[in-house]
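Protein sequence lines, in the order shown, are assigned to chains A and B. Reminder that position 307 of the first sequence reads as 307 in my numbering, one-by-one numbering, no gaps. Reminder that position 194 of the second sequence reads as 194 in my numbering, one-by-one numbering, no gaps.
Read the hints as simulated data drawn from the structure, not as lab findings. Just so it is clear, CB atoms sit at the ideal spot from N, CA and C, and this is done for glycine as well. Do not take every clue at face value.
Cut-off 35 Å, straight-line C-alpha distance, at most; resulting in silico cross-link-like pairs (DSBU-like, lysine-lysine) [said to hold, decoys possible]:
no.	chain 1	residue 1	chain 2	residue 2
1	B	K126	A	K264
2	B	K110	A	K264
3	B	K119	B	K183
4	B	K132	B	K72
Derived Cβ-Cβ restraints for the label pairs, each shown as a range [what the hints assert, rightly or not]:
no.	chain 1	residue 1	chain 2	residue 2	range
5	A	S249	B	E3	23 to 31 Å
6	B	G221	A	L147	57 to 65 Å
7	B	G176	A	S12	42 to 50 Å
8	A	P268	B	G30	48 to 56 Å
9	A	F251	B	T73	14 to 22 Å
10	A	P268	B	E81	48 to 56 Å
11	B	A184	A	S249	30 to 38 Å
12	A	W165	B	M1	38 to 46 Å
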Amino acid sequence: MEQKKSNISRLSNPTAHAVSVAGFIALMFLVIGSVYYATVAVEYQWRWFKIPQYFMYQPSITLYVEADGEIASLNPNKDKVEIVIQGEEGEKKFLVPAGSFHWDEGDSVSPGDIIAQYKGEWKPGLLAIGLWVTLKISFISTIFGILLGIIGGVARVSDTPILKWTAITYVEVIRGSPLLVQIMIFYFVLGTTMNKILMMNGIPKINPEWYGIMALSIFTGAYVVEIVRAGIEAIHPGQVEAARSAGMSYFQCMFHIILPQALKTILPPLAGQFINLIKDSSLLGMISIRELTKATREGITTSLQTFELWILCAILYLLMTFTLSMFVQYLERRTAQK
Amino acid sequence: MIEINNIYKTYYVPHEVRALVDVSNSIKAGEVVVVIGPSGSGKSTFLRCLNRLETADHGQILVDGVDIFDPKTDINKVRAEMGMVFQSFNLFPHQTILGNVCLAQKLVRKRGKKEREEKAMMILEKVGIAEKALAHPSNLSGGQQQRVAIARALAMDPKIMLFDEPTSALDPEMIGEVLDVMKALAKEGMTMVCVTHEMGFAREVGDRVIFMDEGRIVEEGTPEHFFTAPTHARTKLFLKQIL
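All chains, full assembly: derive it from the sequences and hints.
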């Protein structure tokens with residue numbers, strides 16, 4: 001698709017254009033520079049080198065001897081070694097990497113001695129886990145949000161009172177209160193009740209994540225209903241007449257004629273809604289779901305790297321939302337070509 | 001084939017308009033009926049009542065003996081037997097030409113892929129547009145789109161065809177190609193009800209002409225009678241204005 005630009009406000013002079021671009025770059029440097037200077041002024045210690053461990057880290061593992069004994073044998077096993085310690089209460093075996101200890105067979109050991117010291121397997125760090133939880137919750141909520149929105153949107157434009165009024169009530173009730181309050185209600189009111197009922201019937205209780213997902217999808221769904229409705233109403237009535245006059249039923253017409261066309265117009269506002277959803281998921285930390293924001297807060301309480309971690313947290317959200325908006329732009333271009 | 005008994009229709013939006021006032025008529029199988037009249041005379045409403053795109057306030061319409069305003073009637077079944085062609089074509093823009101012609105066959109007639117595509121190609125051939133089968137409607141001229149719309153209706157093997165000003169939105173040089181298709185259809189003995197401003201078409205292929213004004217049927221008769229010896233003053237005035 002060829003993009004048409006209006007000529008009204010374009011800078012026609014190439015020099016003026018270049019100056020303007022340079023101005024933009026200068027402005028960016030100015031903003032970042034002043035923030036940096038301000039942090040220097042308050043003597044903040046930047047420790048970016050400590051950040052990677054929040055994504056991936058190798059835990060340091062130290063094994064201690066618990067009771068007096070003797071190294072009975074050292075059995076090599078591939079690149080590891082099995083240390084067998086013979087004590088008064090029997091044998092103990094430790095599988096450790098070769099080179100992580102200094103014992104020979106027959107050495108005697110006493111409590112407090114270090115058996116071996118080595119780096120464990122790579123593990124995902126705090127932020128990586130938080131990122132993953134945020135992605136997972138956003139993805140599942142998006143799917144449910146779309147489903148709810150399409151069902152609600154179709155109900156919203158129908159003439160049947162039970163469908164139409166249910167959809168209107170749903171939209172008005174959900175849009176009329178803050179998401180944070182809804183999350184609290186879902187977890188503390190609905191969640192407590194549900195878990196009690198489940199427990200009384202001997203069923204394990206539901207993970208808080210699922211209450212969070214419920215709150216987010218129902219909240220987003222309400223907005224998607226209105227988006228879908230607008231998309232449906234934008235379709236020319238002649239399309240419905242053409243379909244119905246050929247003998248198609250209301251639902252055949254809806255799913256084969258109207259929704260496929262409406263999808264094209266609703267894609268951009270829908271993308272905006274799901275970008276909001278990713279950001280709104282940060283509220284789920286309030287009900288002890290360890291998503292990205294909550295993980296960041298936890299990281300700060302232990303490391304005190306306030307500036308780095310919050311900035312990083314914002315960048316990670318930006319990456320997620322930016323990727324989504326790029327993806328939707330791609331979809332838009334693809335549907336436009338058809 | 002279609003019995004229309006005393007139908008009334010009034011619109012209240014934006015203000016009260018009596019679109020149909022005590023309209024009765026009878027359309028026989030194989031007949032080509034041309035409905036003409038000034039704009040706002042109720043001719044489109046009349047046509048749209050025949051397949052219940054509009055519901056009459058009073059009165060009865062029987063299509064093949066079925067009362068279409070009866071809530072117990074499965075209107076989709078009735079509509080499947082009546083093809084309709086619109087002024088603004090109303091092709092489905094998200095489907096190819098072939099898809100347009102096949103969709104209702106698939107959903108309503110439950111025809112298999114091979115059967116419906118063969119049928120579609122046969123009819124597209126007939127309206128002279130088979131080579132565009134895989135194009136999208138936006139790549140076709142108005143005349144071509146309207147011929148596809150006719151093909152889409154014909155693919156359902158309707159017993160009756162309704163035309164709602166099929167040439168009014170077309171550039172003058174494209175009117176001929178659409179009228180040719182309609183004429184061929186009339187020669188094959190299709191029952192047709194056409195709302196149109198094409199007097200030449202009315203005179204040439206119409207079996208009967210109905211002239212409407214202010215929601216009433218003012219005059220009806222053979223084209224010969226209608227165009228040469230109209231009886232009502234309103235008809236005479238109308239003909240004087242347009243011819």
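Against the structure, the hints come out as follows:
{"no.": "1", "hint": "B:K126 x A:K264", "in the structure": "holds, 33 Å"}
{"no.": "2", "hint": "B:K110 x A:K264", "in the structure": "holds, 28 Å"}
{"no.": "3", "hint": "B:K119 x B:K183", "in the structure": "holds, 21 Å"}
{"no.": "4", "hint": "B:K132 x B:K72", "in the structure": "violated, 41 Å"}
{"no.": "5", "hint": "A:S249 x B:E3: 23 to 31 Å", "in the structure": "holds, 26 Å"}
{"no.": "6", "hint": "B:G221 x A:L147: 57 to 65 Å", "in the structure": "holds, 59 Å"}
{"no.": "7", "hint": "B:G176 x A:S12: 42 to 50 Å", "in the structure": "holds, 49 Å"}
{"no.": "8", "hint": "A:P268 x B:G30: 48 to 56 Å", "in the structure": "holds, 52 Å"}
{"no.": "9", "hint": "A:F251 x B:T73: 14 to 22 Å", "in the structure": "holds, 19 Å"}
{"no.": "10", "hint": "A:P268 x B:E81: 48 to 56 Å", "in the structure": "violated, 41 Å"}
{"no.": "11", "hint": "B:A184 x A:S249: 30 to 38 Å", "in the structure": "holds, 32 Å"}
{"no.": "12", "hint": "A:W165 x B:M1: 38 to 46 Å", "in the structure": "holds, 42 Å"}
Consistency with the previously given hints fails for numbers 4, 10, ordered from lowest to highest.
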